[in-house]
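> Sequence:
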Amino acid sequence: MLDVNSKILWLADYNLTEAPGGAQRSDKIIIDQGRLFGYNILKITHNDINDKLDIDSFDVVISSNIHALTMKRKDLIDKISKHKCHIRLEHDSNEYLNVEDRIKLFSNCYKTIFLTDFHYTFFKEFYGNIFKNVEIVYDPIDFHNFRDLKDEREDKILFAGYLHPLKGAYEFFEYALQNKDQKFIVAGWCSNHTINHLLHSVPNIEYLGSVDHTHMPTIYNKYKYIFYTPNLNEPFCRSVAEAALCGMQILTNCKDRIGCLLEIEKVGIDNFREKCSKAGLNFWEKL
1 MLDVNSKILW LADYNLTEAP GGAQRSDKII IDQGRLFGYN ILKITHNDIN
51 DKLDIDSFDV VISSNIHALT MKRKDLIDKI SKHKCHIRLE HDSNEYLNVE
101 DRIKLFSNCY KTIFLTDFHY TFFKEFYGNI FKNVEIVYDP IDFHNFRDLK
151 DEREDKILFA GYLHPLKGAY EFFEYALQNK DQKFIVAGWC SNHTINHLLH
201 SVPNIEYLGS VDHTHMPTIY NKYKYIFYTP NLNEPFCRSV AEAALCGMQI
251 LTNCKDRIGC LLEIEKVGID NFREKCSKAG LNFWEKL
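All letters in the sequence shown, in the order written, are residues 1 to 287 by this note's numbering.
Where hints are given, some of them may not hold.
[What the hints assert, rightly or not] Computed cross-link-like contacts, BS3-like style, restricted to lysine-lysine with a CA-CA straight-line distance of at most 25 angstroms: (1) K28 x K72; (2) K111 x K43; (3) K132 x K84; (4) K82 x K7; (5) K224 x K7; (6) K28 x K7.
Quick caveat, the hints were computed from the structure, so don't treat them as lab data.
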């Protein structure tokens, strides 16, 4: 493991309070675990970064999502790529970088961490075999909270998380409109006026709004099904993984593009649960 006296810089676009997405939640869990080990971790987001930040003064640099950061600090990728100990934690498809910057970002990694085998596989297919020192670490999920309570469930279909066209929002509304006798529930948020209008106008959809994450285990245990048909590759997909751990049935025609479902199929739900529960610890052990 890393020297406990190491100065660690964690670079990420947002905090969880600014963007309640899976990447931000995973970052927080991993950082909290690292601080329990005694690591000195400074997290810098797009709100904090400036030209005075001396990246070379840190012993370790861990980069997460950095699109917004690179807009503020144009030399960021050059600095990261030349650092003596850069650890790359990849959360998504990394399409925001051009080819040259992507090669720089991954070319000199002490460790490159992907969320699933599927995640690593489609990166090699898209971008070539440019990745160094690869490890697979799941998104961390607390299985004590996200578990099947064996309660009686309502025969309703849930959509959870960010309602976005790439996340299959329009496919969800189409499915709801085609199945008018079926009841649907949405626990999530959106920034699209058309989607917001549909949430409030489709009669068989009940919109709960953005639900605090601490209440999601109750939601996942209340309904039978979760609907998710993304229009992109999902490296992991926290909401689907949490729902599966809570015993929900997954309605999708995109199983081969959702990393957590491929992992569950490969290792079984019990092993998947254990790996998720230990993922924060596993991240630091890999280093």
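> Give a verdict on every hint.
How the hints compare with the structure:
{"no.": "1", "hint": "K28 x K72", "verdict": "22 angstroms, holds"}
{"no.": "2", "hint": "K111 x K43", "verdict": "19 angstroms, holds"}
{"no.": "3", "hint": "K132 x K84", "verdict": "14 angstroms, holds"}
{"no.": "4", "hint": "K82 x K7", "verdict": "17 angstroms, holds"}
{"no.": "5", "hint": "K224 x K7", "verdict": "46 angstroms, violated"}
{"no.": "6", "hint": "K28 x K7", "verdict": "18 angstroms, holds"}
Hint 5 alone, counting from the list given before, is not met by this structure.
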